[in-house]
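All chains, please: the whole structure from these sequences, using the hints.
Protein sequence lines, in the order shown, are assigned to chains A, B and C.
For the first sequence, this note's numbering gives the first residue as 1, with consecutive numbering after it.
For the second sequence, this note's numbering gives the first residue as 1, with consecutive numbering after it.
For the third sequence, this note's numbering gives the first residue as 1, with consecutive numbering after it.
Calculated from the structure, these hints are not laboratory results.
Glycine is no exception: its CB is placed at the ideal position from the N, C-alpha and C atoms.
Hints may be right or wrong, so weigh each one.
Taking lysine-lysine pairs in the DSS-like style, the calculated list, with each CA pair at most 25 Å apart, reads [unchecked claim]:
id: 1; chain 1: C; residue 1: K130; chain 2: C; residue 2: K62
id: 2; chain 1: C; residue 1: K238; chain 2: C; residue 2: K37
id: 3; chain 1: C; residue 1: K37; chain 2: A; residue 2: K6
id: 4; chain 1: C; residue 1: K122; chain 2: C; residue 2: K62
id: 5; chain 1: A; residue 1: K6; chain 2: A; residue 2: K39
id: 6; chain 1: C; residue 1: K122; chain 2: A; residue 2: K8
id: 7; chain 1: C; residue 1: K238; chain 2: A; residue 2: K8
id: 8; chain 1: C; residue 1: K223; chain 2: C; residue 2: K130
id: 9; chain 1: C; residue 1: K122; chain 2: C; residue 2: K238
id: 10; chain 1: A; residue 1: K8; chain 2: C; residue 2: K62
id: 11; chain 1: C; residue 1: K223; chain 2: C; residue 2: K238
id: 12; chain 1: C; residue 1: K62; chain 2: A; residue 2: K70
id: 13; chain 1: C; residue 1: K62; chain 2: A; residue 2: K6
id: 14; chain 1: B; residue 1: K247; chain 2: B; residue 2: K127
id: 15; chain 1: C; residue 1: K122; chain 2: C; residue 2: K223
Covered by chain C, per the in silico footprint, the following chain A stretches (three or more residues, Cβ under 8 Å) [stated by the list, open to error]:
id: 16; region: 13-20
id: 17; region: 56-67
id: 18; region: 149-162
id: 19; region: 174-188
id: 20; region: 194-201
Reference excerpt, derived from the structure (chain C facing chain A, CB under 7 Å, subset only) [unchecked claim]:
id: 21; residue: G10
id: 22; residue: S13
id: 23; residue: A216
Residue-level listing of the chains:
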Amino acid sequence: MSMFFKRKDIQLTIVVLTFLVVFIPYFFNIPALDAFSKKLITIASLVNGFTLALAIHSQFRRASNQWRRKSRGYYWGAYMLICLIMMILFGIIGQESAPWHWVMFAVINPLSSVNYCILAFYLSGSAARAFRARSIQAFMLLAAGSIVLLYQAPLTGAVFPVIDPIALYLTNTFAVSVSRTIYLGLATASIVLGVRMLTGREVSFLGFAREE
Amino acid sequence: MVSESETEGGILRFLATIDIRIVYFLLFVVVVGPLLYPIGMPISVSPDTVEFHDVIAEMGPDDIVLLHLGTEFSGWNELSAGSTASMRMLIEQGAKVAIISAHPEAISISPLLYNSLSDVMDANDYKYMEDTIDLGYMHPNEAAVASTASDFHGTVRTDYLGASIEGTFLDDINTAEDWSLIIDIQTGVQSAAMLNHYRVSYGAPIAKHCIGVSVPGAKADLDAELLVGVLPSLRGGAELETLIGAKGPGVAAMDAFSIAHYMLLIFVVLGNIGYFGYQRSASRRTTVGR
Amino acid sequence: MASVLFEIPGMHSGRLFGLFLEVLIVVLALYYMTREKPPYIRRVAALDAIEEAIGRSTEMGKPVFFSYGIASRGFDLRTLIGISLLSHVARVCARNETQLIVPTGGSEGSYIVRPTVEETVKTAYTLEGKPELFDPDNIPFFSGQQYAYVGGYIGAMQRNPPGAVIACSHASEHMNIAETANAMGALTIMAPSSTGKTAVLATASDYLIFPEEAGAGAAYLSKEPSELASIRVQDILKWMAIALMIIGVIAATSGSDLINRLVST
Chain A
1 MSMFFKRKDI QLTIVVLTFL VVFIPYFFNI PALDAFSKKL ITIASLVNGF TLALAIHSQF
61 RRASNQWRRK SRGYYWGAYM LICLIMMILF GIIGQESAPW HWVMFAVINP LSSVNYCILA
121 FYLSGSAARA FRARSIQAFM LLAAGSIVLL YQAPLTGAVF PVIDPIALYL TNTFAVSVSR
181 TIYLGLATAS IVLGVRMLTG REVSFLGFAR EE
Chain B
1 MVSESETEGG ILRFLATIDI RIVYFLLFVV VVGPLLYPIG MPISVSPDTV EFHDVIAEMG
61 PDDIVLLHLG TEFSGWNELS AGSTASMRML IEQGAKVAII SAHPEAISIS PLLYNSLSDV
121 MDANDYKYME DTIDLGYMHP NEAAVASTAS DFHGTVRTDY LGASIEGTFL DDINTAEDWS
181 LIIDIQTGVQ SAAMLNHYRV SYGAPIAKHC IGVSVPGAKA DLDAELLVGV LPSLRGGAEL
241 ETLIGAKGPG VAAMDAFSIA HYMLLIFVVL GNIGYFGYQR SASRRTTVGR
Chain C
1 MASVLFEIPG MHSGRLFGLF LEVLIVVLAL YYMTREKPPY IRRVAALDAI EEAIGRSTEM
61 GKPVFFSYGI ASRGFDLRTL IGISLLSHVA RVCARNETQL IVPTGGSEGS YIVRPTVEET
121 VKTAYTLEGK PELFDPDNIP FFSGQQYAYV GGYIGAMQRN PPGAVIACSH ASEHMNIAET
181 ANAMGALTIM APSSTGKTAV LATASDYLIF PEEAGAGAAY LSKEPSELAS IRVQDILKWM
241 AIALMIIGVI AATSGSDLIN RLVST
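Following this line, the structure appears as structure tokens:
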């Protein structure tokens, strides 16, 4: 039975049918289909929740393989598993409990914040290392970026108000129009990709590799 | 023995190939310094912030606002100033506020928000369950967002602590169009779903407070009238604090914000001076020498 | 929002124009996919660089890191683009016997994507006749939290320095990955999914794949005539959009809201 559902043509048929179930009610007012579509999306999100168990299994398998092979950094795998088990236990005890609060505010909050703030260092490193006017286009990018950077610093607008209209023009005109251009391109690419998927030419999303 | 090519170039070579650790150290100093010893630089208020402020200023005691927390702790550092200032405005204007957390970490952020505004809530007799409710975590997929938009009470029955929301101000909310305003505090979690189901399907007004990277996209949505206001990142939060006269962590960070931006610009300029002065001539010398 | 020109009974208001565009794109795509002769498609340096990057890693004896993003909405467009590119990259790595590491995780939506990714890579190795080279531990799940995932990703790169890093459709962690890869001396090919990241990654990475190029990436790399032909549809739509914009600007300037109402229909 499971081999039947693993067949590419069966999976593609299911994909096309679910596509139509979600696609048609978006445009046409068919209450029964709309309700079924919402139910289907809810079922998908519930299944998504259960795949958490697969993710946890993957973590345990990988960490235990690393420990067995004594590969580089294997002890960090054990540390990660201990933290995982602790977190699960604290969550079971309750989200209003002291251990949960401690983990959230003393561990996750600062670690998450630090990882995000490191971006600032990476950006400055990248700006110092790689932001070069190697061509006319790069120079234009540099010039526009410099004006926007100056505008973004609140002090500049307070001291040199003349920069505000220039920077606002760059962000509200050029940046917005480029955003729209990219969204337009992305939208058309996505629909064409969707057609390739529905016609079976692109099957990687089903777990099959392209047969050349 | 050091070759001639390694010694020539001097300061220009240093600028072109600056050690990244020097950049990191200087950035650390210019950010931490003003935080420890505030300078109090003036800040200007941008038209976007004024527009966002005006949207919230229209809310009154008859309005019910949804604060959609689509951020984790990392994004909260950038968005807390604007979120706190927005919530302060709503409390002082007496608008009812419901909070939905769209990220597992955001359920711990809403208590932070309430705690930081506890004195404001007390001063305005703003009570939990009467004027504001924390609805807890809503699994952030399109299905959950669509469900809350089309049938609110079918999806949400209790608050974060399990108390029933029957008999509260949320009785008046049936679909997304019943919300007076939605303030979407976003790092990118389900922002498209909110637009698709709340705005496009039901016309609910959404004002977005987002991180800097999301601002160009948000401005495109604002221009297309999918959003009614955009508050851009920490700077927008600081400007909002200035506008409402309640200076807080946002304004405090602006000194470091300004200096860090200038420092970034200086690095770009110095790097380009080094590039044009050393690297380009070095590559020409190498080519000629072959 | 502008009012509509007309409404069709039984149809949601304001969605007719969108339906028309979708049907047009589907019809054009199907038409072009049946043609045998491929049209001229310009060279996309960043996509061509993928094979160069894998070759470089093979020569250096280093692994290739490929990531399809954090899949924050599960199987959304950006993740599908990443997985379609992964299929090609996995086959080339299997052919060259280069280690391929695919870090997964970063969001709650990533749980459901991971099994598909594992299956895709496994099938790629099997089709190349090298199933014994597939190691599921090369598809590590780091975390369902974005920055924990980034920490794991960067740690993996530092413990196992890559020869090439190909990252598609990430969120703000794109910068972390690009800079770390640069510091490791790896060839970086980034495919951002939005405007804000495009400008930043243009400076931080060696090659940049634009969002629409990434969507056509798998078709481009396959070199199949029918799939290359389908890329032509994207160009046709863009020309149509340009024409509509010009007509719309002229109409709006002359005081007519006809085009505005037409696209709102």
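Comparing the hints with the structure gives:
1. Restraint check for K130 of chain C and K62 of chain C: satisfied, since their Cα atoms lie roughly 18 Å apart, inside the 25 Å limit.
2. Only pairs whose Cα atoms come within 25 Å are accepted, and K238 of chain C paired with K37 of chain C is accepted, the gap being roughly 22 Å.
3. Of the supplied pair hints, the one linking K37 of chain C and K6 of chain A is violated, its CA atoms being roughly 33 Å apart against a limit of 25 Å.
4. As the CA atoms of K122 of chain C and K62 of chain C are separated by approximately 20 Å, the hinted pair is consistent with the 25 Å bound.
5. In summary, the hint linking K6 of chain A to K39 of chain A is supported, as the alpha carbons are separated by about 24 Å, within the 25 Å threshold.
6. For a cut-off of 25 Å, the pair hint linking K122 of chain C to K8 of chain A stands: about 16 Å separates their Cα positions.
7. Under the criterion of a C-alpha separation no larger than 25 Å, the hint pairing K238 of chain C with K8 of chain A is inconsistent with the structure, at around 33 Å.
8. Of the pairs offered as hints, the one joining K223 of chain C and K130 of chain C holds, with about 23 Å between alpha carbons and a cut-off of 25 Å not exceeded.
9. At roughly 37 Å between alpha-carbon atoms, K122 of chain C and K238 of chain C are farther apart than 25 Å, so this suggested pair is violated.
10. Distance check on the hinted pair: K8 of chain A and K62 of chain C sit about 34 Å apart at the alpha-carbon level, beyond 25 Å; violated.
11. Between K223 of chain C and K238 of chain C the CA atoms are separated by roughly 22 Å; this keeps the pair inside 25 Å, and the hint holds.
12. For the suggested pair K62 of chain C and K70 of chain A, the alpha carbons sit about 20 Å apart, so the restraint of at most 25 Å is met.
13. For the proposed pair K62 of chain C and K6 of chain A, the alpha carbon gap of about 34 Å is over 25 Å, so the pair is violated.
14. A distance of roughly 24 Å separates the Cα atoms of K247 of chain B and K127 of chain B; the hinted pair therefore holds under the 25 Å criterion.
15. The straight-line distance between the Cα atoms of K122 of chain C and K223 of chain C is roughly 22 Å, inside the 25 Å bound, and the hint therefore holds.
16. A stretch counts as covered by a chain when three or more of its residues have a beta carbon under 8 Å from one of that chain; for the region 13-20 of chain A and chain C the count is 0, and the coverage is violated.
17. With a cut-off of 8 Å between beta carbons, the region 56-67 of chain A has 6 residues touching chain C; three or more are needed, and the interface restraint holds.
18. A count of 0 residues in the region 149-162 of chain A with a Cβ less than 8 Å from any Cβ of chain C is obtained; the coverage claim is therefore unmet, three being the minimum.
19. Chain C is given as covering the region 174-188 of chain A, and this holds because 8 residues of the stretch bring a CB closer than 8 Å to a CB of that chain, at least three being needed.
20. Look at the region 194-201 of chain A against chain C: 5 of its residues bring a Cβ nearer than 8 Å to a Cβ of that chain, three or more, so the hint holds.
21. For G10 of chain C, the interface hint holds, since its Cβ comes within 7 Å of a Cβ in chain A; the closest pair sits about 5 Å apart.
22. Taking 7 Å as the C-beta contact cut-off toward chain A, the hint placing S13 of chain C at the interface is violated, the least distance being around 9 Å.
23. This hint holds: A216 of chain C has a C-beta 6 Å from the nearest C-beta of chain A, less than the 7 Å allowed.
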